[in-house]
Amino acid sequence: MNKRKIAFLAASLFLSTGLFAQTQLKGRVVDQSGAPIPGVTVTLKDGTATQTGANGDFSITYQQAGSLNVTAVGYNRKQVSISNQTNIEIILDSDANDLDEVVVTAMGISREKKSLGYTIQDVKAEELTKAGQISVTGSLSGKVAGLQVNQFGGTVGASSRISLRGNSSLNADQQPLIVLDGIPISNDTQRSGDNTYSGVDYGSGINDINPEDIESVTVLKGGSAALYGMRAGNGVILITTKSGKSGGKGIKLAYDGNMTIDQVSTLPKYQNLYGQGYNGSEFHFNRDGNGMSYQDYAIANSFAYVDGTGSGGGVYDGFDESWGPRLDIGLKLPQFDSPLVGGVRQATDWVSQPDNVRDFFQLGRSMNHNLSVMAQTEKSSTRASLSFRDQIGTVPNTDQKRYGVQLNTNMTLSDKFSYDLSTNYTRTESDNILSQGYDGNNPMNGFIWFGRQVNNASLRNSWDEKDERGNYTYNNWNTNYHVNPYFNINENTNAYQRDRFFGKTSLFYQPVEYLKIEGRAGLDYYNAKTFERNYFNSAYPFGGFRNAKTDNSELNLDLIATFNKQMGDFNLMALAGANYRNLQWDRSMLGADALTVLGVYTIANKAGDAITEMDHSHIRSNSVYASGSLGWRDQIYLDVSARNDWSSTIKDDFFYPSASLSWLPTTTFESLKGDVLSFWKLRGGWAEIGSATTAYRNRSYYYPQPQSFKGVGQFYKTMIYPNEQLRPESIRTWEVGTEIGLFNNRVNADIVYYYKNTRNQIMEIRTSNTVGFSSMLLNAGEIENKGIEVQLRGDIIKKEDGFNWSTTINYAKDQSKIIELYPQLDLDVYQIGWTWGIANQAKKGERWGTLVGPGFDRVEEGDMKGAIKVNNRGLVVNKNAQNLGNVTPDFLASWRNDFRYKDFAFGFLLDLRVGGDIWSQTMNHSYVAGVAEITAENGIRERAIIAGRDVMTDERFVMQDANGNWVENTIETDAQTWYESGGIAEMYVFDGSFLKIREAYLTYNVPSRYLQRVKGISRVNLSLIGSNLALLWTHKSNTMRLDPETGGVSSDSRGVGLEQASVPAARSFGLKLGVTF
1 MNKRKIAFLA ASLFLSTGLF AQTQLKGRVV DQSGAPIPGV TVTLKDGTAT QTGANGDFSI
61 TYQQAGSLNV TAVGYNRKQV SISNQTNIEI ILDSDANDLD EVVVTAMGIS REKKSLGYTI
121 QDVKAEELTK AGQISVTGSL SGKVAGLQVN QFGGTVGASS RISLRGNSSL NADQQPLIVL
181 DGIPISNDTQ RSGDNTYSGV DYGSGINDIN PEDIESVTVL KGGSAALYGM RAGNGVILIT
241 TKSGKSGGKG IKLAYDGNMT IDQVSTLPKY QNLYGQGYNG SEFHFNRDGN GMSYQDYAIA
301 NSFAYVDGTG SGGGVYDGFD ESWGPRLDIG LKLPQFDSPL VGGVRQATDW VSQPDNVRDF
361 FQLGRSMNHN LSVMAQTEKS STRASLSFRD QIGTVPNTDQ KRYGVQLNTN MTLSDKFSYD
421 LSTNYTRTES DNILSQGYDG NNPMNGFIWF GRQVNNASLR NSWDEKDERG NYTYNNWNTN
481 YHVNPYFNIN ENTNAYQRDR FFGKTSLFYQ PVEYLKIEGR AGLDYYNAKT FERNYFNSAY
541 PFGGFRNAKT DNSELNLDLI ATFNKQMGDF NLMALAGANY RNLQWDRSML GADALTVLGV
601 YTIANKAGDA ITEMDHSHIR SNSVYASGSL GWRDQIYLDV SARNDWSSTI KDDFFYPSAS
661 LSWLPTTTFE SLKGDVLSFW KLRGGWAEIG SATTAYRNRS YYYPQPQSFK GVGQFYKTMI
721 YPNEQLRPES IRTWEVGTEI GLFNNRVNAD IVYYYKNTRN QIMEIRTSNT VGFSSMLLNA
781 GEIENKGIEV QLRGDIIKKE DGFNWSTTIN YAKDQSKIIE LYPQLDLDVY QIGWTWGIAN
841 QAKKGERWGT LVGPGFDRVE EGDMKGAIKV NNRGLVVNKN AQNLGNVTPD FLASWRNDFR
901 YKDFAFGFLL DLRVGGDIWS QTMNHSYVAG VAEITAENGI RERAIIAGRD VMTDERFVMQ
961 DANGNWVENT IETDAQTWYE SGGIAEMYVF DGSFLKIREA YLTYNVPSRY LQRVKGISRV
1021 NLSLIGSNLA LLWTHKSNTM RLDPETGGVS SDSRGVGLEQ ASVPAARSFG LKLGVTF
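Just so it is clear: in the sequence shown, position 811 is 811 by full-length UniProt numbering, and no numbers are missing.
All clues stand as given, with none of them false.
Each computed DSSO-like pair below joins lysine-lysine, with the alpha-carbon atoms no more than 30 Å apart:
1) Lys-114 <-> Lys-242
2) Lys-1036 <-> Lys-813
3) Lys-124 <-> Lys-798
4) Lys-879 <-> Lys-844
5) Lys-78 <-> Lys-673
6) Lys-113 <-> Lys-565
7) Lys-879 <-> Lys-269
8) Lys-879 <-> Lys-817
9) Lys-416 <-> Lys-516
10) Lys-401 <-> Lys-549
11) Lys-673 <-> Lys-114
12) Lys-1015 <-> Lys-379
13) Lys-26 <-> Lys-902
14) Lys-843 <-> Lys-813
15) Lys-242 <-> Lys-113
16) Lys-401 <-> Lys-124
17) Lys-249 <-> Lys-45
18) Lys-516 <-> Lys-379
19) Lys-843 <-> Lys-1036
20) Lys-799 <-> Lys-114
21) Lys-249 <-> Lys-902
22) Lys-124 <-> Lys-565
23) Lys-26 <-> Lys-798
24) Lys-869 <-> Lys-843
Don't read these hints as lab results, they were simulated from the structure.
Using the sequences plus the hints, can you model the full thing?
Here is the structure:
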């Protein structure tokens, strides 16, 4: 009996041990990039729960197979199956559709996104940096509906123009206000030159910010920016930098870096059939050869190099066009790099050099290193970072380096006091930033005329040749108009150095739970130095230099009180504050336009007068502002705001109110929710905002002239008549929108329609010189903008441990209209920008940005209506001041896709622009020079041609018969004559539509089961990255396949739609590494 009892007890003990055996599960929760997530709740089926620590680690004990529920604020809930596992890594997806998402709004105030009565769109850190973009503007391209970024040239450090909801002003500066951690900062473009034809672009201020230091970017459009008053007219971009608040307790060290190879992406399409010279085609040979062989005709009548001047006995060797003899058919001609025998250039093979422009460029390189440390205690958190970027351009001898230090810290001093500190210092420096536009120092300007037979290697190997006296020989394929491009980039250089500091400190006092008072001080300061030297070029035949220094300082002081209290069914959030702003700008320059000894860049070496400049600007403003948000039962929200500004640039003070209302029907009527509809919000808002002017525009002043008169300095009085009654631009805007979540918020849509009316445009109107001024400033003009913006987000495939696919589509269409300009003077046209006889104009009744210039003279009536007229030589007849197109795009769109399978992630962004016309100086001069592919296609240089049959075949051409009637054109001409008669701007306007692969990435997140073998490492991810990878499509009118995004010289409104010898952009591809310790 006892034996049976003992056996029974033993069996029971064995079975119960098996039944109730416990397994300890250790794991780690990370985001898609592999970064640990602290504070995640991990729950077993029986209700047992734990939370992850600072490194995303957790430990929990379970008894039987089942599931884990994993939840965290800002991430999608996840359920994971477990069975006999002891280690696990869980990857959470960011919840882009989080209804309780908190976003940063005006004045740095955090609000629940669902409560806002206006559209707001934010971009998180991961989206900004996952493809390794090196600039903030590049990181934003294609990621926000209604935000357009235009890159001005493909040089290192080139500036960008940002516009929100189209163009609505006649002023040059229409870029949004940039606010960093609650403090407005300068986004000025440092440049020299005339902003029209040429100059040096030293970059945009926003790109002093390191993208790896950014936590999020929030874009405020329309009424959402109203609290910024007279600075809100063009919208606001709020940038929030990373802090240590989200890192969890303890200390973490992280490294994020990348290295990319940069390659010129798109070059103009050149012809490679004919070389330098004149009258050298088969057509001319057959007509004028008189029995000579083509070899003899070519060397006697078309091209033979002696000294490249055209006056040293050569045949068209001073000519920089490619209308010369045919290439690659066995001809031998004297060329610039032909061997000298007895001082005479010998004839060498006359062959094409299809890659002579591409061979000039090199593989660039970008290296980015970012080291950060985060520390958090019960009462404080800190993040500090060091960064270094080293960029070598695709143009030889161009570079840029940026060093950065960032510190964010916050501390609770007591139950009622706390403070925040945010500081950032950067130094940007370069030995050479390339000149842009139609500038003798810009290689692309020379390549517009580059002989198609020129061997680039010969130029590279001989640019620094000197004669027996030690002087440069200036060896080049053409010395009449051009300088060897390698001489330019090595001896005519633009050095740059900018030191910049921006910082904010805030002291908070919270006497009661629902009231907080903040005293905030912010400073943005930079000091920039440029040294532009010219050894020799057409503008400086005797050398010259410019040494300039700029100081810019903006101080903002704010006192803000915020109130937030739940009162029964109501929640009241209120804010009241005051701001003092002080902005000072100083610039000085010293230089010379000629040197006694070439290459010695000191003022003591000047030949003639020194060139001096000294400018100063000072603006002060005071403001008071307030806002209130009243919410009822988390379903209806009413927001109002008001701001009053007093500015030294304007005589009077101005008031800017706003109001918005939002309603969540799915909260009011729970029955609306179902399997299809998950969330629905209706919203609408109205606001009045402003756009101020710059200093000293309402008063007369004197300014110094660079040159003296007989050793005495000169001061000129401003020629613009001062208007003491000048007012800021007034913008009234309203919008209505809706947000919809479908299928358990797997599909989300945000749709908004907006209207904007801008009055009191600040216009400069020409006056009669008899009044003592050349122009005057006044408030006039009215522009209307209306449009639609759509953002669609969807989790197309969503599996816990399998394949996931999420997608985002942005769409924006803006329609502008010039309602009136200055009816008192019957003014119907206002010039915004201009170059080479073509203008970007505002014309009454039309969209902003009409391109106006010489166009084709067309038949206006009858059967031939619309046909282009030709003269008795078969060449087109021009007609001045014609509408040639409009620079405003029809719409913008982008499509982002992110895929993830287990530890791998892949994504890409497509960017589409449809419409937006561009006049191209590259196209214009390349046609005239005969280097463009179109000038030699389809055998047009081998025969006589007829307009409409052989060239411009999609157009109809007419000539006048003996009776003066317009009939079908039959007049013959030749390709050289046709393209050289290139004074008609319409021929060089193309549709700027494009489709690009903006960026792509492929990431591997190393699983924690491998990282656990290396003590102290909590995250490792490795990525293949690429940006600006391919120009997939452009409009057929873009015959030279120019990049529509790299265009003008000026980064403000004056350069929109005007392309000038643009340096091609680069595609980048490389590796990115992230490690957290």
